[in-house]
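As you go down the protein sequences, you meet chains R and W in turn.
Residue numbers for the first sequence follow the working numbering, beginning at 1 and rising by one.
Residue numbers for the second sequence follow the working numbering, beginning at 1 and rising by one.
Bear in mind the hints are in silico, worked out from the structure with no lab data behind them.
What you were told as hints is all true, and nothing was included just to trick you.
Computed list of lysine-lysine pairs in BS3-like fashion (alpha-carbon distance at most 25 Å, straight line):
1. K113/W to K329/R
2. K329/R to K198/W
3. K352/R to K9/W
4. K198/W to K419/R
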Amino acid sequence: MDTLRIKDITLDFPGVRALDNVSMSFKTGEVHALVGANGAGKSSLFKTISGIYPHYRGKIYLGDKEIKAKSPHEMLKEGIYCIYQEVDTSLVPELTIAENLLLYEIVNTKKFNTFSWQTIYDRAKNILKDVGFEKELPNVKEKVANISVAQRQIIAIARALASNASFILFDEPTSSLSSKDVEKLKAIIRGLKEKDLGIVFVSHRLEEVFDISDRISVLRDGKYIGTKEKDKTSPEEIVSMMLGHSLEEQFPIAPHTSEDETVLKVEGLWYKNKVRDVSFELKRGEILGIYGLVGAGKTELLHLLYGNIKPDKGKIILKGKNVRFHIPKDAVKRGIFLIPEERRKQGLFLEKTIAFNIGIANLDRISKGIFVDKEREIELARTMKEELKIVASSVLQFVDFLSGGNQQKVVVGRWIQKKGDIYFFDEPTKGIDVGAKSEMYRIISELAKMGKSILFITPEIPEVMGLCDRVLVMFDGSIVAQMRKDEMDPKRLLAYATGGSKE
Amino acid sequence: MKTTNFIYKYGVIIAIIGLLVIFSGLLPGQFLTFDNLMNIMTSITITTLVAGGVTFSLVVGGFDLSVGSVASLASMLAAGMMVFSVQPAWVAILVPLIAGILIGLSNSFLSIKLRIPDLLATLGMMYVARGIQLVYCRGNQIFSKMNIITPHGIHQAPGTITKNFLFIGQGKISGIPFMIILMLVIIIIGHIILNNTKLGRLMYATGGNPEAARLSGIDVAGIKTIGYIFSGVLAAIGGIVLASYLGSGQPNAGDAYLMDAVAASFIGFTFLGTGIPNLPGTLIGAIFTGVLMNGLTMMNVPYTAQDIFKGLVLVGALALRAFKNK
Ligand SMILES: Nc1ncnc2c1ncn2[C@@H]1O[C@H](COP(=O)(O)OP(=O)(O)OP(=O)(O)O)[C@@H](O)[C@H]1O
Ligand SMILES: [Mg+2]
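Required output: the full structure, derived from the provided sequences and hints.
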């Protein structure tokens with residue numbers, strides 16, 4: 001058995017102390033969960049251990065040997081492999097799945113001539129087979145640019161599994177995976193533990209944390225709070241360690257009632273083979289869930305309604321009028337807003353400040369004539385920072401450096417103050433902590449109470465059951481079931497979503 | 001970490017000050033004079049205007065390679081309007097501006113509607129603009145009272161380049177060349193547009209992340225078109241100033257500004273550590289290369305060798321940027 005021990009690690013960024021004297025230890029043959037609120041410092045800790053932030057202070061020991069985390073390359077040689085939260089940054093979109101899987105080997109080999117395309121493809125297929133992901137990535141010749149986040153995540157995982165690591169650090173590996181893939185990943189992690197590897201993983205889903213981990217460590221505001229044996233603690237205790245106080249109600253208690261007025265009506269919508277003959281109605285003040293597995297066509301459906309892609313056939317009727325949006329701007333003008341699924345790619349201007357990112361959709365509000373009033377811009381951002389509890393040193397911080405969950409809140413913050421009627425949320429709670437989650441639920445139900453209609457995509461059954469007035473279940477591009485709140489039942493939801501039964 | 005940041009932020013300014021110190025040491029009494037400084041500013045005025053065009057195209061996520069030829073075309077049209085068509089100065093200014101707008105529209109049509117990569121689309125338009133210019137002047141320079149050769153014989157051109165027009169590039173206001181003032185005013189206005197207006201926000205958003213911009217309700221195609229129009233107009237203004245400065249239209253005279261303009265824009269990225277295209281940075285970038293070239297010329301480094309230095313400066317600036325991005 002080997003240990004990975006960190007001692008008195010402190011990590012500073014201009015204006016922020018991301019880690020403050022953190023000490024803890026991880027063991028091989030153990031699954032160790034690292035939890036904490038958004039911005040607690042989990043990703044910073046991983047990046048420090050894996051050599052991305054060599055300016056840390058403190059010590060890192062592998063066994064009895066002190067190692068300096070100077071670069072990812074060197075840490076890899078020590079057998080420490082990290083899968084980052086921003087999985088995109090470790091993949092090359094222009095290359096194929098196979099090349100990405102074998103990236104390190106291809107880059108590090110000195111014998112170029114031994115690599116033929118066929119060997120690369122064969123090796124890649126073998127790796128996928130070994131780790132059990134051949135179904136998810138059937139075509140290794142596909143370019144990474146054309147595949148989903150979930151699939152990209154799988155590449156990164158497969159790559160880690162194929163390397164000779166003794167410790168693998170996963171930063172929110174499950175946040176973009178479907179529940180089926182999550183199960184698969186859990187099985188893989190258990191397998192790795194059997195093989196005596198050390199696994200450390202970050203997750204905001206406590207049920208998952210309690211399911212597979214042996215020990216749980218908590219960070220709060222960059223400080224180490226404590227480590228608990230899984231069997232000797234409870235989700236409630238962990239949550240209160242994370243937040244510094246206990247959390248009473250996850251979902252807003254008083255369910256509201258939606259009105260009868262139909263705001264949005266969709267008839268016979270088709271798009272390639274992704275969306276097939278979809279029809280439904282959205283009422284005023286209703287929270288309508290769309291539940292389904294990855295690839296069911298949920299995101300495409302929202303993008304069709306938002307004018308980002310054009311339907312092949314079908315009608316969209318907004319407040320009794322047939323509408324045809326050419327670009328999303330047309331939808332925004334009619335009071336329809338989208339919080340997209342992939343925040344870094346589709347939501348954020350990474351090289352810009354929080355204020356810019358929120359202000360950009362509210363230019364009329366923060367301007368006098370053609371001029372942007374910077375004070376109002378900052379004011380608006382401050383309001384949203386407070387309302388959504390965005391953790392950042394100021395609203396002039398660049399969003400690139402925010403923690404994942406806080407980036408998500410910035411995207412949501414863009415629309416909250418705008419006068420709209422319909423909000424599309426595409427997995428808004430992906431990667432945000434329990435406190436922020438219940439905050440998000442509160443925001444959504446508040447919007448609904450104000451008479452706004454909400455279309456809410458989620459792959460998580462508790463969210464469907466807790467928040468939605470009604471749910472549409474999608475499978476393979478079609479709506480296979482609709483359920484009112486009183487009809488919802490986890491087993492039936494899952495059965496329909498996996499194509500098990502048809503109504 | 002702190003020091004590299006400092007170098008990144010203020011590198012260009014430090015380099016300019018360094019050059020000023022070195023050259024005034026090596027060339028006592030010659031380099032650091034009012035006249036020579038004005039000289040430097042005059043020499044970079046047109047570069048800066050054309051570079052302003054490149055900067056606008058970069059802000060919206062494009063890359064306009066046609067700016068040099070647009071400047072050429074604009075200067076020929078300006079001269080031709082007065083010499084061939086006997087038009088007053090304002091027409092000689094307006095027509096090239098319209099040409100700049102049209103080329104900007106064509107660039108955006110090619111890149112947005114036909115989805116040709118920006119570099120290639122604007123490269124194509126670079127040749128088209130140059131061709132139009134050469135056809136218009138039949139490959140000859142255009143100047144007052146020039147002889148025009150036609151199948152029916154030789155006759156004198158009817159018009160002259162007017163005094164009013166010559167003021168743009170040759171006039172002075174209390175000792176300061178008007179073209180410098182014009183350039184500074186345009187850069188300031190451009191900077192205000194980019195930094196303080198709604199349009200500027202939309203432009204930076206479009207260039208920063210087109211997909212996010214589109215999903216935030218921005219008409220990405222429209223904004224990019226506006227960026228390319230600004231680019232064409234600024235390049236055209238550069239060409240007008242050029243024609244006035246030379247007092248004639250010289251074929252392809254604007255082409256040479258393309259590379260200097262690109263260099264100035266990219267050097268400008270680093271200015272104050274923004275890492276994004278910005279007009280004050282572009283001006284500083286142009287000043288930097290201007291100071292360097294002026295000093296080298298005064299030290300009798302042959303003109304032919306100067307491109308080597310320009311190249312090194314550009315590579316240095318890009319390296320600084322890549323270094324920072326790590
Ligand atoms: N490169 C950076 N520059 C400046 N500040 C940073 C940088 N990286 C992280 N931070 C700051 O450090 C703090 C910790 O961030 P970190 O990403 O480690 O949080 P996290 O626990 O992973 O949160 P999440 O659950 O949201 O992913 C945050 O306040 C963040 O803004
Ligand atoms: Mg994180």
